[in-house]
Amino acid sequence: MARPNEQVGALLQEYADLVAITGGDAYRARVYEKAARSVAGYHLDVSTLDAAGLRAIPNVGTSIAAKVTEYFRTGQIAAVEELRAKIPAGVRELTEIPTLGPRKAMVLYDERGIASVQDLLDALDAGRLAGLKGFGPRTEENLRHGIDLLRQSGGRVDLGVATELAEEIVGALSKVPGCVRCTYAGSLRRMRETVGDLDVLAVSKNPGTIMDALTGLDLVAEVIARGNTKTSIRTTAGLQVDLRVVPPESWGAALQYFTGSKAHNVRTREIAVRQGLKLSEYGLFTVPRDEHDGDDEQGEQRGQRGRKGGRRRPAAEAVETGETGELVVSKTEEEVYERIGLPWIPPTLREDRGEIEAARAGTLPKVVTEKDIRGDLHTHTDLTDGVATLAEMVAAAAARGYAYYAITDHAPNLFMQRMTDAKMLSQRDQVRALGERYPKLTLLHGTELNIDPGGEVDWPEDFLAGFDICVASVHSHFNQSRAEMTRRIVRACENPAVNVIGHPTARLIGRRPPVDVDLEAVYEACARTSTALEVNASPDRLDLNDENILAAKRHGVKFAINTDAHAVAHLDLLRFGAGTAQRGWLTPDDVINTWPLRRLRTFLRKGRKR
DNA sequence: GCCGTTTTCGGCCCGACTGTTTTCAGTCG
Numbered sequence: 001m002a003r004p005n006e007q008v009g010a011l012l013q014e015y016a017d018l019v020a021i022t023g024g025d026a027y028r029a030r031v032y033e034k035a036a037r038s039v040a041g042y043h044l045d046v047s048t049l050d051a052a053g054l055r056a057i058p059n060v061g062t063s064i065a066a067k068v069t070e071y072f073r074t075g076q077i078a079a080v081e082e083l084r085a086k087i088p089a090g091v092r093e094l095t096e097i098p099t100l101g102p103r104k105a106m107v108l109y110d111e112r113g114i115a116s117v118q119d120l121l122d123a124l125d126a127g128r129l130a131g132l133k134g135f136g137p138r139t140e141e142n143l144r145h146g147i148d149l150l151r152q153s154g155g156r157v158d159l160g161v162a163t164e165l166a167e168e169i170v171g172a173l174s175k176v177p178g179c180v181r182c183t184y185a186g187s188l189r190r191m192r193e194t195v196g197d198l199d200v201l202a203v204s205k206n207p208g209t210i211m212d213a214l215t216g217l218d219l220v221a222e223v224i225a226r227g228n229t230k231t232s233i234r235t236t237a238g239l240q241v242d243l244r245v246v247p248p249e250s251w252g253a254a255l256q257y258f259t260g261s262k263a264h265n266v267r268t269r270e271i272a273v274r275q276g277l278k279l280s281e282y283g284l285f286t287v288p289r290d291e292h293d294g295d296d297e298q299g300e301q302r303g304q305r306g307r308k309g310g311r312r313r314p315a316a317e318a319v320e321t322g323e324t325g326e327l328v329v330s331k332t333e334e335e336v337y338e339r340i341g342l343p344w345i346p347p348t349l350r351e352d353r354g355e356i357e358a359a360r361a362g363t364l365p366k367v368v369t370e371k372d373i374r375g376d377l378h379t380h381t382d383l384t385d386g387v388a389t390l391a392e393m394v395a396a397a398a399a400r401g402y403a404y405y406a407i408t409d410h411a412p413n414l415f416m417q418r419m420t421d422a423k424m425l426s427q428r429d430q431v432r433a434l435g436e437r438y439p440k441l442t443l444l445h446g447t448e449l450n451i452d453p454g455g456e457v458d459w460p461e462d463f464l465a466g467f468d469i470c471v472a473s474v475h476s477h478f479n480q481s482r483a484e485m486t487r488r489i490v491r492a493c494e495n496p497a498v499n500v501i502g503h504p505t506a507r508l509i510g511r512r513p514p515v516d517v518d519l520e521a522v523y524e525a526c527a528r529t530s531t532a533l534e535v536n537a538s539p540d541r542l543d544l545n546d547e548n549i550l551a552a553k554r555h556g557v558k559f560a561i562n563t564d565a566h567a568v569a570h571l572d573l574l575r576f577g578a579g580t581a582q583r584g585w586l587t588p589d590d591v592i593n594t595w596p597l598r599r600l601r602t603f604l605r606k607g608r609k610r
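If you read the first sequence in UniProt numbering, its first letter stands for residue 1, the second for the next number, and so on.
Because the hints were derived from the structure by calculation, they are not lab data.
For each residue, glycine too, the CB sits at the ideal point set by N, CA and C.
Some hints could be false.
[Said to hold, decoys possible] Result set (DSS-like, lysine-lysine): computed pairs, CA atoms no more than 30 Å apart in a straight line:
hint, residue 1, residue 2
1, 104, 175
2, 423, 366
3, 230, 205
[Unchecked claim] Simulated restraints on C-beta separations:
hint, residue 1, residue 2, range
4, 164, 382, 24 to 30 Å
5, 389, 160, 22 to 28 Å
6, 66, 477, 50 to 56 Å
7, 175, 521, 17 to 23 Å
8, 223, 111, 28 to 34 Å
9, 81, 484, 42 to 48 Å
10, 130, 58, 33 to 39 Å
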């Protein structure tokens, strides 16, 4: 995504936070928050848009469009500067502490002059919070604890780690007597590339028993909250797990609700409201008549509270006193979506990135699934840095039912792998021989080339012509300038032997940032030269990521979802690649390794002479 | 401050848990 979009998005988010901290209108804060998200995720570069173009962005109206324009004209937004002058940056940082929101942060600043996390720690140590309204002993303890957590780094884990943990917990809870259903939801079900916490959902005849089962697991370091419908724990690895227990008839609504994302849920609830319905985690309900009649009065109260910065009355009373309308549906997600006039939307699309509009228009993509993939096109063996033999890898590929499978060991310029022409040709003979043992599986002999700093690859054209497929990747010189890196990768695309650009940004999640490259230029080159971009399924890469995939697809680029397996077990990581591709709205037609072999071979011929 | 197939004004998603409170505000998801 273009940088200007992210910059403006960050500024609007900051403004939203500052409005909330200063006790401004809560609805106004929320609008800025929504605008921040839509700007950051908008598909056009906002710095190139005029006022009308800006107002075409969802949640951007006259006022916000003017602020964006002002930002590109002057380099700042006066309204933001004004609030910055009133509220030190450290106060906003305070709200990153769990359990400390905008209201309490402002109290700390107003009453005690606390303007940073360190200030807060000092005040706690000096006992200076004593007597402050709303800050009792438990709150002090929670704040200290929150600061500890904050300082232990971001706390998000990768998709592989989160999936393993979630499956362990769901497995354990499913065995608890009385547990009827159990699964995970949340960002993990949506397959976000990192996961900040786990949401586990269960139906149980005996909620207490299943709560006890969770809090009793060996991996529990701390019980954060314990109720009869919700329990939260923190694992020894620092990950929070929320378990919700719902009645069986609420399963679909609860699964929909706890899968999120928050932005997607806001949209679905709004749609329900417009149809006179109410959607909660307990189901889709009709809104009773008298509540309609009372709308004006209630609205007035809400409006006033909103202006005072208070909150509206929760609907809990209505539930308790039985004023709630009748349950319409909620047994399955499909029912819930259908009743509000939408087809079921795959979890990986639920980010409010246009899926609601597409669902309404009947143009939701039929996203690619793991089952659509007919073969892995980027794998290694122990000839280079893999840990399994060629025979083992091929046997595993055959067992997965693949129609084709490419072996792509490293080329000589990754010097540590000691590849030679002779070794490669010898492997090719072995591949051909092995192929005869697997009549249903077509083996492709390939290689993973190194794109050198100038954009050249390992072998001359005539040697490259002997491969069925060539992946080419950046493995070194990650710090080149943007111009050099762009020229380097574009040049690789223009090489007639190169079929796939492997892990295109070379990032390692949480360890190495993506290389600085003009991705738009790369997408253009890929589309022009029939070079596919890889969706590397390894959970520490997921490269390209979802947003980049969306952008590349708009250029007409094709993709290959590959595991880059270095071991037999890695072939199973494919699902994370499929999930990431879904988040990028890819259909089987966009993905070359879902195609029949003939079509794939035609694509792989590219610009080669033979 | 944005938005509209009920509306260009009057709404804006909904509920659980905690802590400190004695009826509820704040935070979180």
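For each hint, the structure was consulted:
no.	hint	result
1	104 - 175	violated (42 Å)
2	423 - 366	violated (43 Å)
3	230 - 205	holds (15 Å)
4	164 - 382: 24 to 30 Å	holds (25 Å)
5	389 - 160: 22 to 28 Å	holds (24 Å)
6	66 - 477: 50 to 56 Å	violated (44 Å)
7	175 - 521: 17 to 23 Å	violated (53 Å)
8	223 - 111: 28 to 34 Å	holds (31 Å)
9	81 - 484: 42 to 48 Å	violated (36 Å)
10	130 - 58: 33 to 39 Å	violated (47 Å)
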